[in-house]
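Enquirer: Take a look at the letters that make up each chain.
There are 2 protein chains.
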Amino acid sequence: MVDIRKPILVSEAVSAVLNHAKAGETEFISIDDCEERYLASDLIADHDVPPFDRSPLDGFAIRAVDSQGVTEESPKSFKVIEEIGAGAVAAKIPTQNEAIRIMTGAQIPAGTDVIVMFELVREFEKEGEAYFELTQSFQSGDNISFQGEDAQKGASLVQKGVRITPGIKALLATFGYAEVEVFKKPKVGIIATGTELLDVDEELQPGKIRNSNAYMVAAQIKKVGAEPVYFGQLVDDLEESFQKISLELEKVDYLITTGGVSVGDYDFLPEIYKRLGANVLFNKIAMRPGSVTTVAEVNGKLLFGLSGNPSACFVGFELLVRPAILTSFSVGKPHLQKLQATLVVDNDKSNNFSRFIRSYMYFDNGKFYVKPTGLDKSGVVSSLADANCLMMLPGGANGFQKGDVVDVLLLTGEGSEWPWTTV
Amino acid sequence: MVDIRKPILVSEAVSAVLNHAKAGETEFISIDDCEERYLASDLIADHDVPPFDRSPLDGFAIRAVDSQGVTEESPKSFKVIEEIGAGAVAAKIPTQNEAIRIMTGAQIPAGTDVIVMFELVREFEKEGEAYFELTQSFQSGDNISFQGEDAQKGASLVQKGVRITPGIKALLATFGYAEVEVFKKPKVGIIATGTELLDVDEELQPGKIRNSNAYMVAAQIKKVGAEPVYFGQLVDDLEESFQKISLELEKVDYLITTGGVSVGDYDFLPEIYKRLGANVLFNKIAMRPGSVTTVAEVNGKLLFGLSGNPSACFVGFELLVRPAILTSFSVGKPHLQKLQATLVVDNDKSNNFSRFIRSYMYFDNGKFYVKPTGLDKSGVVSSLADANCLMMLPGGANGFQKGDVVDVLLLTGEGSEWPWTTV
Numbered sequence: 001m002v003d004i005r006k007p008i009l010v011s012e013a014v015s016a017v018l019n020h021a022k023a024g025e026t027e028f029i030s031i032d033d034c035e036e037r038y039l040a041s042d043l044i045a046d047h048d049v050p051p052f053d054r055s056p057l058d059g060f061a062i063r064a065v066d067s068q069g070v071t072e073e074s075p076k077s078f079k080v081i082e083e084i085g086a087g088a089v090a091a092k093i094p095t096q097n098e099a100i101r102i103m104t105g106a107q108i109p110a111g112t113d114v115i116v117m118f119e120l121v122r123e124f125e126k127e128g129e130a131y132f133e134l135t136q137s138f139q140s141g142d143n144i145s146f147q148g149e150d151a152q153k154g155a156s157l158v159q160k161g162v163r164i165t166p167g168i169k170a171l172l173a174t175f176g177y178a179e180v181e182v183f184k185k186p187k188v189g190i191i192a193t194g195t196e197l198l199d200v201d202e203e204l205q206p207g208k209i210r211n212s213n214a215y216m217v218a219a220q221i222k223k224v225g226a227e228p229v230y231f232g233q234l235v236d237d238l239e240e241s242f243q244k245i246s247l248e249l250e251k252v253d254y255l256i257t258t259g260g261v262s263v264g265d266y267d268f269l270p271e272i273y274k275r276l277g278a279n280v281l282f283n284k285i286a287m288r289p290g291s292v293t294t295v296a297e298v299n300g301k302l303l304f305g306l307s308g309n310p311s312a313c314f315v316g317f318e319l320l321v322r323p324a325i326l327t328s329f330s331v332g333k334p335h336l337q338k339l340q341a342t343l344v345v346d347n348d349k350s351n352n353f354s355r356f357i358r359s360y361m362y363f364d365n366g367k368f369y370v371k372p373t374g375l376d377k378s379g380v381v382s383s384l385a386d387a388n389c390l391m392m393l394p395g396g397a398n399g400f401q402k403g404d405v406v407d408v409l410l411l412t413g414e415g416s417e418w419p420w421t422t423v
Numbered sequence: 001m002v003d004i005r006k007p008i009l010v011s012e013a014v015s016a017v018l019n020h021a022k023a024g025e026t027e028f029i030s031i032d033d034c035e036e037r038y039l040a041s042d043l044i045a046d047h048d049v050p051p052f053d054r055s056p057l058d059g060f061a062i063r064a065v066d067s068q069g070v071t072e073e074s075p076k077s078f079k080v081i082e083e084i085g086a087g088a089v090a091a092k093i094p095t096q097n098e099a100i101r102i103m104t105g106a107q108i109p110a111g112t113d114v115i116v117m118f119e120l121v122r123e124f125e126k127e128g129e130a131y132f133e134l135t136q137s138f139q140s141g142d143n144i145s146f147q148g149e150d151a152q153k154g155a156s157l158v159q160k161g162v163r164i165t166p167g168i169k170a171l172l173a174t175f176g177y178a179e180v181e182v183f184k185k186p187k188v189g190i191i192a193t194g195t196e197l198l199d200v201d202e203e204l205q206p207g208k209i210r211n212s213n214a215y216m217v218a219a220q221i222k223k224v225g226a227e228p229v230y231f232g233q234l235v236d237d238l239e240e241s242f243q244k245i246s247l248e249l250e251k252v253d254y255l256i257t258t259g260g261v262s263v264g265d266y267d268f269l270p271e272i273y274k275r276l277g278a279n280v281l282f283n284k285i286a287m288r289p290g291s292v293t294t295v296a297e298v299n300g301k302l303l304f305g306l307s308g309n310p311s312a313c314f315v316g317f318e319l320l321v322r323p324a325i326l327t328s329f330s331v332g333k334p335h336l337q338k339l340q341a342t343l344v345v346d347n348d349k350s351n352n353f354s355r356f357i358r359s360y361m362y363f364d365n366g367k368f369y370v371k372p373t374g375l376d377k378s379g380v381v382s383s384l385a386d387a388n389c390l391m392m393l394p395g396g397a398n399g400f401q402k403g404d405v406v407d408v409l410l411l412t413g414e415g416s417e418w419p420w421t422t423v
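Those protein sequences? They're chains A and B, same order as listed. Numbering follows UniProt numbering, in which position 251 of the first sequence is assigned residue number 251; successive positions increment by one, without gaps. Numbering follows UniProt numbering, in which position 279 of the second sequence is assigned residue number 279; successive positions increment by one, without gaps.
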């Protein structure tokens, strides 16, 4: 009666899923909406940066040769023959002991090769003309930002697959990308199973609980850069369930089901995979929670059968769905970031399966520390509130003690309290 | 001619800004749109979790007393009198040696106090009735998730000011928050200054560059959870500029200007602050880049005068604007997260001012390492592409050497390459 399943390693499960990942479609969008999207083509410099020799400060453009031998004791006067702001180009060419007043960002005037800061000179007027007195010498090139020193025309500055940060958006603007080629957000369908599930706006009833997995998974889908489509719940009928899954699968790029993958009497998914003619990549993973997590492929589309247990559902998404979607965006590092941290409490349970425990990790005095959030039962939804990582404890070990260094997978960054500086 | 300004410490500047931060307005939004928003009231459990004693697995509900003395050698048979799925409530009450077949998540039937896993029994049929044979004993309470063990009704599970993660959204769903009270996204105006600036879709012209700061700052504003409103550029006329700033200031909660705060001849902002009757909190900070960063307050609104230099503009936002906005959302840790990392290259420059250097930080073998991105010139926009942190080097020191442990401020999380596990 009980369907015996052969568990595979987490790493095998991840590899099996990624073997079926495929490149996402691309589209052009306005630079105004590009934040957090993934570049679908390299960002190329369309001009040198700076595009011309440029003044990095407010001051006077002079000829270095005219400053030779100038000191505090033997100062020299320069006549200011023109004044340019950023964006302007000088009309005149200074000759001996002449200068052009120049603002930050302006193009270095022809004939000059040094910028002298305002703060270093004494300005004065004579017969209605502007002058300043210089008291030191300069080398050719002093205080000049040279054309191309930041980036050269044609250089590939950011590779495709990178998520667009504020800094990368600045580069896109600099190089004239009014439209940006990014990966389309794939549609990820969600179908919940479980007759015990109430919707969020329903009153509680005996024996029932509100559906939280569908909402949580929708948030995980958005966070990773895709678009969730919620199709509601399966009814308690195999044929109707099969029809619904067949139908909805057509509308999306990936389909996630929550619940129904176990060996319980109402777990229809295994039978539905059969009727779909699905290629079941695996139906048991040597991990807790979520050992029943199942992934199948139908006509090149991935169906993720996540557990109905909230923790297992969460872990299944982060370990399997996340890298599949990010790989379709050409992301080079599609998995949760792994660090090591010191365990601050004993964790004596041993298990043949590897465990992924929702945990809180913090940095103190040069080291990371980690502790489980909540009760470490897989059904405990409340511990999700404080978790910023998953602690990963390999299977087969004899439990872990306070002080052991363990692997953790980061879920998110966090802020810091003030003061982090007193300077 | 040069306006001498007195620099204040970064920590003083941050404090001065936060003294003028005020609580944001709140609104109710659908749970479907709540991701990444900030809770404006505590998340309270509206019922116990679990809401009833619940089965954490698929199996048989029995009375512990009936299993006493049962062993491999002296097994006992139980008769299955009913079957319930999750969401259902048993109609019958088992008496001696009777059991109810039960699915994960279902309410524990009255009269029973143990759940026995399917895998532990041998099922059989006799005269058309279902039975199983038990070969071990159980204690009352074995394999039961008790009402309220995860969270008790009325408990405050998440405090206001917390950003909504997938896990917190799951909690909101669990507790019936179809509508969620969050902080409104404040409107943050952006005005660029600089006649050298071309728009992103304009062709390059001699002496001019494309405006990247406005795009970058808009992305920073969105990332922190606010709404950017771009008002275009100031024209090269003091009176018109004053009128524009006065007008736009009325439309937003904060106003950011980029450029125009220096002591150059076209830097109108200092004069505009005077005409506005603004309370200038400071106009010089002992930091590089961005020492000219100015913050003023007009009728309770903050005006951030960020530098026109892209790096300085970026740093000014992260150090000053970010915490002001996050404080208005009741965020307890509104600043960039500070960690320590080991410098992997010499940084010999010393400076009286503290430096914030766009850098890349990575974790290797239990430690964080950091290196500057790009050329470490404040005008280098290209280094923004790879930066995931700001290295913070205090002023006055004699430079820093490879191997020194320095402070870094995290800008973002990052992914990881596979494999991070081989289990």
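Among the clues, some could well be false.
The list makes no distinction among identical chains, and a pair is therefore deemed to hold if it is satisfied within one copy or across any two copies.
Straight-line distance between alpha carbons at most 25 Å, and here's what the computed BS3-like set of lysine-lysine pairs gives [to be verified]:
#1 Lys79 with Lys223
#2 Lys371 with Lys160
#3 Lys153 with Lys402
#4 Lys333 with Lys223
#5 Lys184 with Lys223
#6 Lys338 with Lys371
#7 Lys402 with Lys79
#8 Lys367 with Lys402
#9 Lys92 with Lys160
#10 Lys222 with Lys92
#11 Lys223 with Lys349
#12 Lys6 with Lys160
#13 Lys92 with Lys187
#14 Lys274 with Lys184
Treat the hints as calculated values from the structure; they're not laboratory data.
Enquirer: Next, verify each hint and record whether it holds.
Expert: Here's how the hints hold up against the structure:
{"no.": "1", "hint": "Lys79 with Lys223", "in the structure": "neither (60 Å within a copy, 49 Å between copies)"}
{"no.": "2", "hint": "Lys371 with Lys160", "in the structure": "between (37 Å within a copy, 23 Å between copies)"}
{"no.": "3", "hint": "Lys153 with Lys402", "in the structure": "neither (55 Å within a copy, 32 Å between copies)"}
{"no.": "4", "hint": "Lys333 with Lys223", "in the structure": "both (16 Å within a copy, 21 Å between copies)"}
{"no.": "5", "hint": "Lys184 with Lys223", "in the structure": "both (14 Å within a copy, 20 Å between copies)"}
{"no.": "6", "hint": "Lys338 with Lys371", "in the structure": "both (16 Å within a copy, 20 Å between copies)"}
{"no.": "7", "hint": "Lys402 with Lys79", "in the structure": "neither (74 Å within a copy, 46 Å between copies)"}
{"no.": "8", "hint": "Lys367 with Lys402", "in the structure": "both (15 Å within a copy, 20 Å between copies)"}
{"no.": "9", "hint": "Lys92 with Lys160", "in the structure": "neither (45 Å within a copy, 62 Å between copies)"}
{"no.": "10", "hint": "Lys222 with Lys92", "in the structure": "neither (57 Å within a copy, 45 Å between copies)"}
{"no.": "11", "hint": "Lys223 with Lys349", "in the structure": "neither (32 Å within a copy, 40 Å between copies)"}
{"no.": "12", "hint": "Lys6 with Lys160", "in the structure": "neither (38 Å within a copy, 45 Å between copies)"}
{"no.": "13", "hint": "Lys92 with Lys187", "in the structure": "neither (60 Å within a copy, 45 Å between copies)"}
{"no.": "14", "hint": "Lys274 with Lys184", "in the structure": "neither (31 Å within a copy, 48 Å between copies)"}
Violated hints for the displayed structure, listed by number in ascending order: 1, 3, 7, 9, 10, 11, 12, 13 and 14.
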